[in-house]
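Asks: Sequence:
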Amino acid sequence: MPAIRLTEFRRDLGAALVHLDAPDRCARALSALMARHGTPLYRSGQRVLPAYHLPPAALNLLWQSLRQAVARHPKAALPLAQALWQDPHLEARHLAARLLGLAPPEEATQAQFWAWLAEAQDPDLRQALLTQGTSRLVQETPEAFFAQAAQRLSQPGPARRLAFQALTALVASPAFENGPALYGALRQALLHLTSEERPEAAQLLQTLAQRWPQETSPFLWRVWNEGADGERAPLLAWVIRRVLPHLPPESRRQWQQRPGWTF
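Our numbering puts the first residue of the sequence shown at 214, with every later residue one more than the last.
Keep in mind the hints are simulated off the structure, nothing from the lab.
On a predicted model such as this, the values are computed, not experimentally measured, just so you know.
Ideal Cβ placement from N, Cα and C applies to all residues, glycine included.
Please note that the accuracy of each hint is not assured.
Stated by the list, open to error - FRET-style restraints, in silico, Cβ to Cβ:
#1 Ala331 / Pro458: 28 to 36 Å
#2 Val231 / Glu320: 26 to 34 Å
#3 Glu463 / Gln299: 20 to 28 Å
#4 Ser278 / Arg435: 16 to 24 Å
#5 Gln467 / Ala321: 41 to 49 Å
#6 Pro431 / Ser278: 48 to 56 Å
#7 Pro371 / Trp276: 23 to 31 Å
#8 Lys288 / Arg454: 29 to 37 Å
#9 Ala331 / Ser386: 17 to 25 Å
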């Protein structure tokens, strides 16, 4: 971005952030800013959100300025995130996801996370919600976050797939330590696994294997013993095969030597 435009961008950004206490107005000003300084493009054949194509330097400056402003006014994070989400452009929704991670980890923040996660179709946006949008939720209220995810594990289909993804983010957080409860909730979900849910289940179990290898291997064996004779045995085997490389060498050898493991 040319220096003269960057100077102009800084000026317009400062004018937009003056309205931080009026989230709708601030969001409209930020959207107008991105539209003015971006270069919208259309790429046929791509099922992605529309984008402003704001230069990286400008987008980084926008986020750093926004983060600093919200740090001084934490209560503004959620309302502004909600207002920005109304803009369907990718940059605006990414900003909303990152702002969600700065919002106080209250019930409204968690409810908004799950609603947006269900709505997000763009893979990069969903990943931003899972990694950045959960920052305070998984660090400061991990048990409340787990309770919401565990509730969704009992619902087959999209809800369970989202739960697997959210739990992967939770397990990666050192603040979450309730492994026994997670294994208990996960058992039934794995025994009722569908073909569509396998990738998300495998990713969660890989993360579990890396964090709690000594607990994950026997847990998988118990699940396998329960499900090996059922119609979902091939699905379980598909998942377990993808988890085994993430277990310690000794655990992998034990699996290979177990007579009940035939896949």
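Asks: Take the hints in turn and mark each one as holding or not.
Replies: Hint-by-hint comparison with the structure:
| no. | hint | result |
| --- | --- | --- |
| 1 | Ala331 / Pro458: 28 to 36 Å | 31 Å, holds |
| 2 | Val231 / Glu320: 26 to 34 Å | 30 Å, holds |
| 3 | Glu463 / Gln299: 20 to 28 Å | 53 Å, violated |
| 4 | Ser278 / Arg435: 16 to 24 Å | 51 Å, violated |
| 5 | Gln467 / Ala321: 41 to 49 Å | 46 Å, holds |
| 6 | Pro431 / Ser278: 48 to 56 Å | 50 Å, holds |
| 7 | Pro371 / Trp276: 23 to 31 Å | 30 Å, holds |
| 8 | Lys288 / Arg454: 29 to 37 Å | 48 Å, violated |
| 9 | Ala331 / Ser386: 17 to 25 Å | 21 Å, holds |
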